[in-house]
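Note that the protein sequences, when read in sequence, are chains A and B.
Each residue of the first sequence is one higher than the one before, starting from 1 at the first, in our numbering.
Each residue of the second sequence is one higher than the one before, starting from 1 at the first, in our numbering.
Don't read these hints as lab results, they were simulated from the structure.
Source: prediction; values computed, not measured.
Hints should not be assumed to be uniformly reliable.
Stated by the list, open to error - Result set (DSS-like, lysine-lysine): computed pairs, CA atoms no more than 27 Å apart in a straight line:
#1 K33(A) - K549(B)
#2 K358(B) - K662(A)
#3 K460(A) - K530(A)
#4 K567(B) - K26(A)
#5 K279(B) - K26(A)
#6 K501(A) - K518(B)
#7 K517(B) - K27(A)
#8 K577(B) - K567(A)
#9 K689(A) - K27(B)
#10 K28(A) - K530(B)
#11 K460(A) - K518(B)
#12 K567(B) - K577(B)
#13 K458(A) - K27(B)
#14 K564(B) - K358(A)
#15 K49(B) - K570(A)
Said to hold, decoys possible - Ranges of calculated distance between the beta carbons of each label pair, as one might list FRET restraints:
#16 F449(A) - K571(B): 58 to 64 Å
#17 Y299(B) - Q548(A): 34 to 40 Å
#18 M544(B) - G335(A): 24 to 30 Å
What the hints assert, rightly or not - Only part of the chain B face toward chain A is listed, based on derived beta-carbon distances under 8 Å:
#19 K458
#20 L464
#21 C502
#22 T504
#23 D522
#24 D681
#25 I685
#26 C691
#27 N695
Cβ atoms here follow ideal geometry from the backbone N, Cα and C, with glycine treated the same way.
2 protein chains.
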Amino acid sequence: MIEPIGNQYIVSRPVYSANAFGEDHKKKNRHHKTFLDHLKVCCSCSTQKAKRIALSLFPIASWLPSYRVKEWLLSDIVSGISTGLVAVLQGLAFALLVNIPPSYGLYAAFFPVIVYFFLGTSRHISVGPFPVLSMMLGAVVMRLVPGDNTNDLNLNNSTNTNLTLDEQRVRVATSVTVLCGIMQVLMGCLQVGFVVIYLSESLISAFTTAAAVHVLVSQLKFMLQLTVPAHSDPFSLFKVLNSIFTQIEKTNIADLVTSLIILLVVFVVKEINQRYKAKLPVPIPIELFMTVIATGVSYGFDFKNRFNVTVVGEMPKGFQSPIAPEINYFQETIGDSFSIAIVGFAVAFSVASVYSLKYDYPIDGNQELIALGVSNIFTGSFQGFAGSTALSRSGVQESTGGKTQIAGLLSALIVLIVILAIGFLLEPLQKSVLAALALGNLKGMLMQFTELQRLWRKDKYDCLIWIMTFIFSIVLGLGLGLAASVAFQLLTIVFRTQFPKCSTLANIGRSNIYKNKKDYFDIYEPEGVKIFRCPSPIYFANIMFFKQKLIETVGFSPLRILRKRNKALKKIRKLQKKGLLQLTPKGFICTIDSFKDSDEELDNNQIEELDQPINTTDLPFQIDWNTDLPLNIEVPKINMHSLILDFSAVSFLDISSMRGLKTILQEFIRIKVDVYIVGTDDDFIEKLKRCEFFNDEVQDSIFFLTIHDAILHIWMKRDYSTSKFNPTQEKEKHLDCTINTNGGLRNRECLVPVETKF
Amino acid sequence: MIEPIGNQYIVSRPVYSANAFGEDHKKKNRHHKTFLDHLKVCCSCSTQKAKRIALSLFPIASWLPSYRVKEWLLSDIVSGISTGLVAVLQGLAFALLVNIPPSYGLYAAFFPVIVYFFLGTSRHISVGPFPVLSMMLGAVVMRLVPGDNTNDLNLNNSTNTNLTLDEQRVRVATSVTVLCGIMQVLMGCLQVGFVVIYLSESLISAFTTAAAVHVLVSQLKFMLQLTVPAHSDPFSLFKVLNSIFTQIEKTNIADLVTSLIILLVVFVVKEINQRYKAKLPVPIPIELFMTVIATGVSYGFDFKNRFNVTVVGEMPKGFQSPIAPEINYFQETIGDSFSIAIVGFAVAFSVASVYSLKYDYPIDGNQELIALGVSNIFTGSFQGFAGSTALSRSGVQESTGGKTQIAGLLSALIVLIVILAIGFLLEPLQKSVLAALALGNLKGMLMQFTELQRLWRKDKYDCLIWIMTFIFSIVLGLGLGLAASVAFQLLTIVFRTQFPKCSTLANIGRSNIYKNKKDYFDIYEPEGVKIFRCPSPIYFANIMFFKQKLIETVGFSPLRILRKRNKALKKIRKLQKKGLLQLTPKGFICTIDSFKDSDEELDNNQIEELDQPINTTDLPFQIDWNTDLPLNIEVPKINMHSLILDFSAVSFLDISSMRGLKTILQEFIRIKVDVYIVGTDDDFIEKLKRCEFFNDEVQDSIFFLTIHDAILHIWMKRDYSTSKFNPTQEKEKHLDCTINTNGGLRNRECLVPVETKF
């Protein structure tokens with residue numbers, strides 16, 4: 001009964017097998033939803049549902065009407081201006097990563113914000129260029145338009161041949177952006193926003209670290225002002241490094257010095273920002289200061305002509321006319337676009353969910369996909385490139401007090417002003433300064449290396465995921481690397497369950513507690529009983545391992561024992577037919593000295609017979625296999641009568657493993673080892689029934705609620721059988737035989753006790 | 001105590017938390033093998049080990065010396081001859097699948113057997129051409145040498161331009177064969193023979209069915225005698241069918257009729273063979289008869305000239321000189337070669353393990369890989385093509401009495417005779433006859449379609465694997481299809497655990513048994529306690545799902561409650577500071593009518609504060625959150641004090657899920673819900689400790705051995721707390737407040753009981 005008595009666990013109830021429990025406690029006849037039911041719910045339609053869907057497509061309709069102008073507007077304005085300035089600089093810098101002129105970065109910083117204002121569900125993220133995406137896009141651009149020799153183009157469109165190199169690259173970048181937008185919209189409509197859950201923390205950490213390394217390497221050429229030929233994945237990173245080091249003596253010292261100074265100052269000020277976070281009203285906008293100063297200095301001292309540095313150059317006023325994407329590029333870049341679409345969404349969504357959790361409002365993954373997708377299509381059409389959200393920029397927007405996407409809209413306004421009016425002011429800015437500013441954001445990402453040690457200590461598999469993701473992303477490039485990493489990561493889930501730490505349990509403390517017998521001193525193992533625990537699901541990839549471990553644990557292969565016994569039985573039967581075994585009151589006497597063991601080959605049918613259950617119905621006695629048998633008949637002895645399988649952690653079985661499990665259970669049952677399965681769910685047994693797991697040998701009575709139930713059942717059964725057979729011991733007959741092997745090898749007398757048949 | 005008393009489960013022991021149990025029962029200090037230890041064992045070296053490895057490289061050294069000439073030789077000879085005849089015909093037929101002249105099939109049937117004789121560990125399989133492999137090889141051949149316009153070649157080697165189409169195709173086939181052999185040898189040396197476990201039964205079934213469909217379609221052109229242009233994957237199957245149907249009127253009626261007759265006869269006789277298996281000494285070699293008859297008829301009536309049928313044609317006597325593989329093809333075919341290597345090995349190994357199990361001798365996966373690899377390298381060099389084992393041929397070898405690879409050697413001898421001497425006899429044989437003979441073997445494979453229905457009933461995932469593998473293999477082609485299928489299959493393992501069927505448990509029968517409360521009538525749920533069971537590992541892809549299900553089960557989000565309480569606390573504190581709450585003997589009286597609730601925005605720090613533990617140490621009273629609070633302060637009430645998580649089926653946690661789990665546990669603990677985790681392994685707790693899972697809030701005392709232990713503990717604790725507080729009830733003070741909301745909206749009097757602080 002369930003009444004607490006002091007600190008005592010006191011239970012008294014019948015021993016329950018699953019069947020017995022089912023009889024005592026009636027089960028409800030539950031209707032389990034079938035696949036069709038789920039489909040019906042999913043596809044059902046109502047006005048309400050339609051309205052809800054329509055509303056959810058335009059989240060602005062829900063938040064804009066409740067905008068609190070008095071309380072929020074001011075902070076939105078402050079936040080919008082700060083974010084806008086950052087967005088301008090990041091747009092310019094990240095355009096370099098895409099390998100296109102910086103001015104296009106401004107378009108990428110402007111358009112997505114406008115679309116996201118209407119469609120996005122997050123109130124705090126600042127959409128637009130993101131270094132990792134720009135990097136991935138840059139790799140595609142360089143693959144399709146390598147640059148140095150235009151004859152080598154994979155795609156020689158007649159339309160493109162009259163475009164300059166930069167124009168071609170922009171064309172590629174925008175086409176990929178549109179394609180990736182289309183994919184995101186499609187994914188959003190198909191409600192597959194859940195895919196981001198496949199990007200685990202370790203994977204994202206390693207991937208962004210690798211991306212930071214890629215960014216670092218790709219910015220080197222701007223910092224050193226070297227002309228590096230395009231290299232395509234895989235191994236592009238090493239090829240670029242090689243190109244750089246072979247021409248390192250051509251470094252433009254002015255660029256190197258400028259960028260190092262900028263880097264140093266940015267790092268120091270960012271450190272200050274971080275340390276005095278609490279005391280500073282807003283973080284020092286060091287990037288802005290450095291840009292203004294650098295532009296001024298570059299203009300004042302005419303760096304461009306004096307030191308031959310590369311500057312941002314012409315900033316065309318206003319927008320470019322929209323262009324249609326090149327369908328030809330779509331096929332070439334479908335894989336990359338998919339990676340970009342996924343990474344872009346994953347980053348935006350994870351940042352958005354941080355804020356949604358913090359400020360406690362709902363965001364919708366699928367709507368985010370649609371919003372980002374439409375942004376990208378729109379941006380791509382107006383010659384911007386794919387965006388997501390930069391962590392640093394969203395951080396600025398939120399920390400300076402941004403409450404809603406009104407702040408985003410205002411930041412777009414700032415970008416618009418730069419595009420339309422004051423862009424020309426940035427023309428003397430060195431590209432190396434932009435590169436240095438981009439690098440300034442990488443410290444956090446690169447510092448993730450330190451996680452590695454911690455991961456190794458905590459979880460080897462997570463550590464392995466980190467290392468492999470990093471290697472894949474560095475070696476294969478970000479797009480292919482991400483795909484390989486996700487595949488590898490999913491594989492680790494298989495690995496984790498593939499080699500389960502199976503263990504043998506024993507009773508600890510003589511109550512109903514069973515634990516790994518290797519772990520404790522005071523253990524008690526019931527005689528002749530093995531308790532085997534498998535702590536993971538069993539399926540096609542580990543059923544062999546399970547069998548092997550089980551055989552190791554019990555110490556013998558049941559199939560082999562079965563065959564040996566059947567072979568021995570054949571011989572005994574032959575002896576008996578020939579009248580060489582005689583029944584005496586004391587047992588059987590074998591009347592010959594030796595028996596030629598023609599170890600003849602068995603044909604197919606005979607071999608199959610050996611795997612059948614042992615059938616002794618035609619013999620007038622039963623054989624006790626654990627005693628010595630007459631003559632040279634040798635059968636390994638086993639001292640085990642019951643096997644308990646603890647399946648409480650076996651979450652599922654698949655068809656392959658079910659067949660394997662059934663085979664091994666059958667083998668055990670055929671050599672008279674009782675098998676019990678304990679700790680399973682009711683569903684588990686249901687499923688086995690549905691799969692025709694049970695037959696005459698493997699019956700559904702093998703299930704018990706707990707190990708202790710099974711142990712008690714075994715004891716009762718043994719007790720019963722002892723009490724049944726022991727009083728009649730005088731009836732037992734023995735198989736006596738005297739053997740003289742030829743050539744005087746050895747003489748032996750053996751007395752084989754056999755149980756008589758009643 | 002563990003003594004059986006009738007059919008009773010009687011237990012009396014202390015209630016155990018994991019810690020308490022650890023104190024009562026000392027644990028051994030076990031040294032767990034580290035990664036390094038395993039590596040050491042793996043890399044250790046000794047003379048014995050070296051000897052064993054050397055011996056295992058040449059299995060022939062172990063079985064040939066013990067060959068029983070008298071008993072085995074005769075049956076090996078009979079088996080060898082039968083197998084040899086089948087091998088000749090299959091070699092010719094399968095060469096058509098590779099799209100090369102039939103005579104090369106004889107080389108493919110000869111060389112691998114010789115190598116396997118020395119290196120193979122299986123005694124019963126007949127290595128050589130296998131239709132699925134030939135098919136896969138054929139697809140590569142057609143991709144690289146499409147045939148109709150040689151200008152279109154992807155690889156325009158100067159060396160190859162002076163070769164005929166057939167010669168080029170043979171060149172491709174042999175190069176791929178060598179590459180695939182090299183891969184197999186490498187895999188064997190790296191001991192990765194275990195990869196075959198990733199091919200589950202459902203996958204193999206669907207893959208071979210798809211292969212059979214591919215074979216069927218590819219043989220159609222020979223049966224109808226149509227010229228079908230080459231089509232490369234993906235979608236090649238549909239393209240070929242389209243080509244065939246557009247020119248169906250050009251069918252050669254003679255070929256069609258011949259092949260239909262052959263097919264019919266072969267099917268009928270095979271059926272007879274199957275049905276009278278037991279009575280027939282050897283199966284009727286119908287293929288042989290049909291070949292002889294067809295050749296005779298074709299020669300006698302001069303089919304070639306009269307009906308314009310295509311015949312086998314010139315059979316060059318003797319062997320071709322060995323050639324080196326074309327390294328240029330290697331890069332183009334690396335993926336296909338890998339698939340071929342894997343499929344070839346998988347098929348050979350699975351057939352071999354069937355026989356090894358039947359005749360009870362060991363086979364070694366890695367050695368098999370090496371044997372097949374060397375065979376393929378050797379065969380490829382002598383212009384044969386990749387082989388594995390054909391089920392039908394191995395069946396012949398075993399069923400006609402083959403005991404060892406001596407039979408294989410003899411079958412090679414038969415092939416040799418055909419190559420060297422009597423090959424020319426086959427020259428008038430129609431290709432359509434060969435095609436029909438190849439199709440004759442497909443019935444079994446195609447009949448696997450019927451498995452689908454059975455699978456659907458048994459296991460949806462397995463059924464899904466079947467369908468997807470079939471679709472992938474049909475649509476993407478066999479090579480790419482296999483890769484996609486394996487990936488998909490591994491994904492299903494993730495799927496299976498990704499959406500675990502979480503359930504709420506309740507006590508059944510008032511003893512220590514807890515089951516899904518939805519399943520039973522007679523349930524008992526302790527008041528204020530929820531028992532939540534997660535039946536699968538928890539990791540990055542399902543931690544969100546786990547949280548969501550848990551929140552659904554308990555009916556509230558602990559984070560939201562925590563925030564509401566903290567907000568309410570802020571208000572109460574404000575009231576108290578302003579002196580608006582007065583302590584009376586009966587409780588607190590709120591002395592104002594209304595309290596302006598400035599629902600002001602909180603800044604970041606304040607928001608973070610809301611997630612902190614509730615701190616009431618500065619208040620002179622404690623707040624009972626489950627009663628009405630004064631004024632318009634509303635906090636959702638919860639009627640739950642304890643949460644028990646049954647983790648007995650949670651085989652592992654990864655880092656991502658650990659963080660997620662910790663967060664949610666903390667949230668529960670902060671709103672004063674006690675959390676207990678039960679049913680875990682000791683290793684599990686160890687790992688959490690290693691990962692710094694525990695802190696001041698989430699302590700390692702939350703682990704209990706069983707649900708019942710936790711329940712008893714909770715009861716004791718509640719009892720204790722009741723008995724401690726109840727006698728002092730007179731000390732309790734109440735928070736009285738009378739509220740008059742403005743504008744006469746409603747008048748309310750509330751009496752809020754609060755527990756006083758001592």
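* Asked: Okay, which hints does this one fail, numbers in order?
  -> Of the numbered hints given earlier, those the structure breaks are 3, 4, 5, 6, 8, 9, 11, 15, 16, 17, 20, 21, 22, 25 and 27, listed in rising order.
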